[in-house]
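Given the coordinates of chain V, work out where chain G should sit on it, guided by the hints.
If you read the sequences in order, they're chains V and G.
First residue of the first sequence? That's 1 in my numbering, and the numbers climb one at a time after it.
First residue of the second sequence? That's 1 in my numbering, and the numbers climb one at a time after it.
Calculated directly from the structure, the hints in this document are not laboratory data.
For each residue, glycine too, the CB sits at the ideal point set by N, CA and C.
Take these hints with a grain of salt, some might be off.
[Stated by the list, open to error] Covered by chain G, according to a simulated footprint, are these stretches of chain V (three or more residues, beta-carbon under 8 Å):
#, stretch
1, 134 to 144
2, 255 to 262
[Stated by the list, open to error] A few chain G residues that face chain V, going by a derived Cβ cut-off under 8 Å, partial list only:
#, residue
3, Pro116
4, Glu223
5, Val226
6, Asp234
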Amino acid sequence: MLKEKGSENSPGITFPPEIPTSCARDLEKGAAGDEILKVSDLTKTFGGLAAVKDVSFSVRRGMIKAIIGPNGAGKTTLYDLLTGLYQPDKGTALFEGKSILGLPPHRIAALGIARTFQTVRIFPRMTVRENVMVGMHSRTRSGMTGCALRLPGSIREEAWMEEESMTYLDLVGLEMQSDNLAGALPFGQQRLLEIARALATSPRLILLDEPASGLNAYETRELGEIIFRIRDMGITVLLVEHDMGLVMRISEEILVLDYGEVIAEGTPEEVRSDPKVIEAYLGADV
Amino acid sequence: MREKGSPGRPSFGIPGSSLLQRAASLLGRHLIFVGLAIFLAVFPIWAKPLSRPLGINLIMVMRMVGIYTVAAVGLNILMGYAGQISLGHGAFLGIGAYTSALLALKAHLPVWLSIPVAVVVTALVGLLVAPVLRLKGHYLAMATLGLGIIFYVFMREMTWLTGGNNGLREIPALSFPGVKIGQARDYLRAEYYFIWTLALIVLLLCSNLVRSRVGRAMRALHESEVAANVMGVDVSWEKIKAFVLSTGLAGLAGAVFAHIQGYIDPNLFTITLSIQLVTMVVVGGMESIWGAVAGAGVITFIPKIVEALPKWLGEVPRWVEKYSNYEGMVFGLILVLTMIFLPSGITKGLADLVRYRRNPFVNPFRKKAMEE
Numbered sequence: 001m002l003k004e005k006g007s008e009n010s011p012g013i014t015f016p017p018e019i020p021t022s023c024a025r026d027l028e029k030g031a032a033g034d035e036i037l038k039v040s041d042l043t044k045t046f047g048g049l050a051a052v053k054d055v056s057f058s059v060r061r062g063m064i065k066a067i068i069g070p071n072g073a074g075k076t077t078l079y080d081l082l083t084g085l086y087q088p089d090k091g092t093a094l095f096e097g098k099s100i101l102g103l104p105p106h107r108i109a110a111l112g113i114a115r116t117f118q119t120v121r122i123f124p125r126m127t128v129r130e131n132v133m134v135g136m137h138s139r140t141r142s143g144m145t146g147c148a149l150r151l152p153g154s155i156r157e158e159a160w161m162e163e164e165s166m167t168y169l170d171l172v173g174l175e176m177q178s179d180n181l182a183g184a185l186p187f188g189q190q191r192l193l194e195i196a197r198a199l200a201t202s203p204r205l206i207l208l209d210e211p212a213s214g215l216n217a218y219e220t221r222e223l224g225e226i227i228f229r230i231r232d233m234g235i236t237v238l239l240v241e242h243d244m245g246l247v248m249r250i251s252e253e254i255l256v257l258d259y260g261e262v263i264a265e266g267t268p269e270e271v272r273s274d275p276k277v278i279e280a281y282l283g284a285d286v
Numbered sequence: 001m002r003e004k005g006s007p008g009r010p011s012f013g014i015p016g017s018s019l020l021q022r023a024a025s026l027l028g029r030h031l032i033f034v035g036l037a038i039f040l041a042v043f044p045i046w047a048k049p050l051s052r053p054l055g056i057n058l059i060m061v062m063r064m065v066g067i068y069t070v071a072a073v074g075l076n077i078l079m080g081y082a083g084q085i086s087l088g089h090g091a092f093l094g095i096g097a098y099t100s101a102l103l104a105l106k107a108h109l110p111v112w113l114s115i116p117v118a119v120v121v122t123a124l125v126g127l128l129v130a131p132v133l134r135l136k137g138h139y140l141a142m143a144t145l146g147l148g149i150i151f152y153v154f155m156r157e158m159t160w161l162t163g164g165n166n167g168l169r170e171i172p173a174l175s176f177p178g179v180k181i182g183q184a185r186d187y188l189r190a191e192y193y194f195i196w197t198l199a200l201i202v203l204l205l206c207s208n209l210v211r212s213r214v215g216r217a218m219r220a221l222h223e224s225e226v227a228a229n230v231m232g233v234d235v236s237w238e239k240i241k242a243f244v245l246s247t248g249l250a251g252l253a254g255a256v257f258a259h260i261q262g263y264i265d266p267n268l269f270t271i272t273l274s275i276q277l278v279t280m281v282v283v284g285g286m287e288s289i290w291g292a293v294a295g296a297g298v299i300t301f302i303p304k305i306v307e308a309l310p311k312w313l314g315e316v317p318r319w320v321e322k323y324s325n326y327e328g329m330v331f332g333l334i335l336v337l338t339m340i341f342l343p344s345g346i347t348k349g350l351a352d353l354v355r356y357r358r359n360p361f362v363n364p365f366r367k368k369a370m371e372e
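Okay, chain V solo, but in the shape it has when bound (with noise of 0.2 Å):
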C-alpha cells in the first residue's frame, strides 16, 4: 500500500521534483512516435491449444497502451514471449527494428524491454534496494575477481549502483523501506518495487502485467500517476489489466485479445463502442 490502512486522507507519496536524469538518459534514442515495438503474426500453442494466435500490432514510442481481454485470452502469454520466456511457434517480433525473438531473457533485458509479473516475483529474502540493484545487472559490469577482491571500479560500481538505486524507490515512493527485507512489504507496495526494479534495467519499453490487481482504489490512482511519470522519463508502456477504470482513463490505444487473437485496436472510445469487445469482454457491464 502506498501508505499505510486507515490513513486515508493523508497525503500519499511525493515526487522528487523533476526526472531523474539518469532515468531519462535515453530519452534522445530515436524520436516520439516512431515504432519501437512491431509484432506480427505471432503464435504460440501448447498441446495444439493457441494461446496466442497470429497477434500483430505495434507500439509508437512514447505511448501508454493497453492489452485487455478475458481470461486467458493469451495476455500473460503475449509478454512471456516477448521477454524470451517461451519461444514461439511462429512470427516476428521487432524491438527498434531488431529481432527479439529467440534471444534469452537476460540478452532481451539488456536491449531495453523490462517487465513486471501478474503475480508478484520479487526477491523476498533480499533487501528492497537490494531488489532494485539486482535490476541494474545488465548495467554494470564488475567480474567475480573485481568483486572478491573489491578492486577500485567494482568499489565504485557498488557505491554508484547504491546511490542510483535509491533513484528508483523515490520514484515509487519506497524510499523509506530501502533497507526493509523486500517480503516484508504489504503487498501493493510488493507491486511498486516491482515496477521500480523493472524501471532499474533502463528499460525503453516497460511491460506491466496487471499492476492494479489486488490494489484498492485510492492505491490504483496513484498506480496511474506513476505510470504517467513512467511515460514522461521517455519509457513506452505497455499494460495488461483488467481495472478498465485505470485502462480507459490512461491509455492512448487499446488492444483487445479473446482465445488469443486479436478482436479489436484502437483508442479508447472505439475500442468501448466496438460490439466485438462488448459481445467478448464488456458486455455484461455495458
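Relative to the frame of chain V, chain G by itself:
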C-alpha cells in the same frame, strides 16, 4: 547476518571520507573477521594445556576445521546463495587431493606448485560437469550424487594411477620455498597457522563476493530464476560460476588435506564426506559465510567430543559401550535438535534469536510465555 544489511550502512570507499573514517568503517565491516583472526592467532597458546585434560588434540582438530571451512564456504556459496544443491562435493575434495598428491609424488612437483595446479584441475572438472546444473531440486541432488559415485569408482579402480584401495602413501608434507611447514619441529602448529591463514583469506574474499553484484545475482536466481533472468541476470552462467568456484575451493581443501595427512585412499572421499559437507553448510547456516566456519567447527568437533566423553565421565555403562556406534547416535541426535530449534543454522539462528528476542514467532520461550 552482516552481509545482508550491507547497503544500509554508510558505504565505505566513497571518495571524500577521511582516512580515519575509512579505517573505522573497514574495521566495523570486518568485525567478525578480525575477532575470528585474533581468536585463531592466540588459540594455540592455550590449546596445548587444554588438550591433555580434554583428551582431544585441539590443534590437530582445528587443522581439520580449517580445511573443512574452505570447502564449506564454497559449498555455501553454491547451496546457500545460489540455491543449487550438490551431494557430490566429497568427490571434488578427492580430485584435488589426488591431483596434488600425484603431481608431487609422480611428477615431483614442489608442493607449493602442485596445490594451485590441483585447484585449477578441480575447477576445470567442475566446469566440465557443470551441465548438470540444468537440473533442478531433487534431480540435481540425484545427479550430483551420481557424479560423486562415479569419481569414487574412478579413484578406486584406476589402480595404476591411484593405487586403488591402498591409496597413495608418503605424500610430501607442506613446504614452500624457504619454509618447510610440514617438517617444522612443531609441525602441527605450523600447519594450523598455514591452513587458517588460507581459510581466512578465502573467507574474506568470499564475504566480499557475496555482498557484491555477483553475490546478489546468485541470491536473486535462488529466489526466482524467472525474475532474475528477466532482470538481466544470465541465470545459467551465474550457476556455473558458483559451481566452479565451489569445486575449486573443494579442490583446494582436498589438496591441502592430502599434504598434511600424508596418505589418501578413495574411502576418504565417499558420499559420507559429501553429506558431511552439506551438513556443515546447513547446520552452520545457509546463506552465511560465517556459518561455514561454525558448521565446520561443530561437525568436526562433535564426534571428537563424543569420543572423549568416556574419559571425561570416567566410566561408560557397559550397555552403552556395547553400542559400538553410539557416537553416531549422539551426533545424529544433535543434528536433529539443531534442525528443530535453529532451522536456519547456528549463526543465523542465534543472530535472529538475539535480534528478534522479543518476537514470539522467533523465540520459543517467548511463545510459551505469551500462551500462559
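Name the hints, by number, that the structure is in violation of. 2, 3
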